[in-house]
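Protein sequence lines correspond, in order, to chains A and B.
Each position in the first sequence, counted from 1, maps to that position plus 1416 in our numbering.
Each position in the second sequence, counted from 1, maps to that position plus 1416 in our numbering.
Worth flagging that the hints you see were computed from the coordinates, not collected in a lab.
You may find that some hints are simply not true.
Chain copies aren't distinguished; within one or between two, either way the pair holds.
[Claimed, not checked] Okay, derived cross-link-like pairs now, DSS-like style, lysine-lysine, Cα gap no bigger than 30 Å in a straight line: (1) K1465 <-> K1547; (2) K1515 <-> K1554; (3) K1418 <-> K1466; (4) K1547 <-> K1466; (5) K1418 <-> K1465; (6) K1418 <-> K1554; (7) K1547 <-> K1515; (8) K1465 <-> K1515; (9) K1554 <-> K1465.
There are 2 protein chains.
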Amino acid sequence: MKQISTRLSMAVHTLCLIAMLPHECTGDFIAGSVNTNPVVIRRIMGMLKKAGLVDVRPGVGGAYLLRSPEEITLLDIYRAVNAAEEEQLFGIHVNSNIKCPVGRNIEGVLQAEFQAAQSAMEQQLSGVALKQLLSQFKE
Amino acid sequence: MKQISTRLSMAVHTLCLIAMLPHECTGDFIAGSVNTNPVVIRRIMGMLKKAGLVDVRPGVGGAYLLRSPEEITLLDIYRAVNAAEEEQLFGIHVNSNIKCPVGRNIEGVLQAEFQAAQSAMEQQLSGVALKQLLSQFKE
DNA sequence: CTTCAATGTAACTATACTAGTTACAACGGT
DNA sequence: ACCGTTGTAACTAGTATAGTTACATTGAAG
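Build the full structure now, drawing on both the sequences and the hints.
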């Protein structure tokens, strides 16, 4: 199965670092912790910036949160890194045969059920704030 | 974003047809309602068969449910068509830098949170049985 | 026993997303 | 002016998806 992109997990990682070490968080520094290419991190930072979660300082380097860690949830991050305006998690086949009772109604029926499932997931994500994650790195 | 494969929605469509019209459900007939290639349907039928949800009759054609529509949930179907033994919905980047407090712990932390989100979604799916969908095609 | 529609698969294609990479312009302190 | 950093474009390899063609196998019916 195709998984949800690791952009989300890398974005969470990035935000945790920014929250803890705003001054040292250049793209290269974060890339060193995530263990990937700096450009991948810069792209993610761009998405987080566009979503209003962070501000990045071009030229000088570093980034800082635009909201407190209690006010940034996993759902916020999830939405930030999934650029698609089309936010449907479940794909539904289209152009079913309208001459068939099932084909005629399946799209609407599935749309409702899949939306409910996606909402359940998103509600769980919205209950976890960055702050809760940060507390797990202090030991 | 990459959506969950339309195999799931096509599989639900297929099972609804089998439940309603077991005798007429050849791969070609179903493909006509779903509006896709018969081979795509046969592949999905093969997955549903492997999962013990249906039995297919080679040679003669047609298929029938091996469980009643009350006993087949969207979660059963979801699991049937996602062949991967690795059932993690959220991808997590690996090989983070263990010299960093965040990199050292991020995988475990995210694993727990993502699993909770996935479970919330799956629980919602498990609450919807095929029978509930079938009732929406009778009008 | 032959026929023939249907199933079961393999193989191949086009498309799309992902993650990584190179390259380079623009920014902005020092 | 210098130089490390950010911001992007462009390209690559790898992989999942959905569709397609082709063909062997199945099994009831004539």
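How the hints compare with the structure:
Taking CA atoms no more than 30 Å apart as the test, K1465 paired with K1547 passes inside one copy only; the shortest distance there is 19 Å, against 46 Å between copies. Taking identical chains as interchangeable, the C-alpha atoms of K1515 and K1554 lie at most 30 Å apart only when they sit on different chains, with a minimum of 14 Å there against 61 Å within one chain. In this assembly of identical chains, K1418 and K1466 lie within 30 Å of each other by CA distance both inside one copy and across copies; the values are 26 Å within and 20 Å between. When the C-alpha separation of K1547 and K1466 is checked against a cutoff of 30 Å, the pair qualifies only within one copy, where the shortest distance is 21 Å, while the shortest distance between copies is 44 Å.
In this assembly of identical chains, the alpha carbons of K1418 and K1465 lie at most 30 Å apart whether taken from the same copy (27 Å) or from different copies (22 Å). For the homomeric pair K1418 and K1554, neither the shortest alpha-carbon distance inside one copy (33 Å) nor that between copies (34 Å) is at most 30 Å. Within a single copy, K1547 and K1515 get their C-alpha atoms only as close as 53 Å, which misses the 30 Å cut-off; across copies the closest is 22 Å, which meets it. When the C-alpha separation of K1465 and K1515 is checked against a cutoff of 30 Å, the pair qualifies only between copies, where the shortest distance is 27 Å, while the shortest distance within a copy is 48 Å.
For the identical chains of this complex, K1554 and K1465 are intra-copy neighbours only, at 26 Å inside a copy versus 49 Å across copies, given an alpha-carbon limit of 30 Å.
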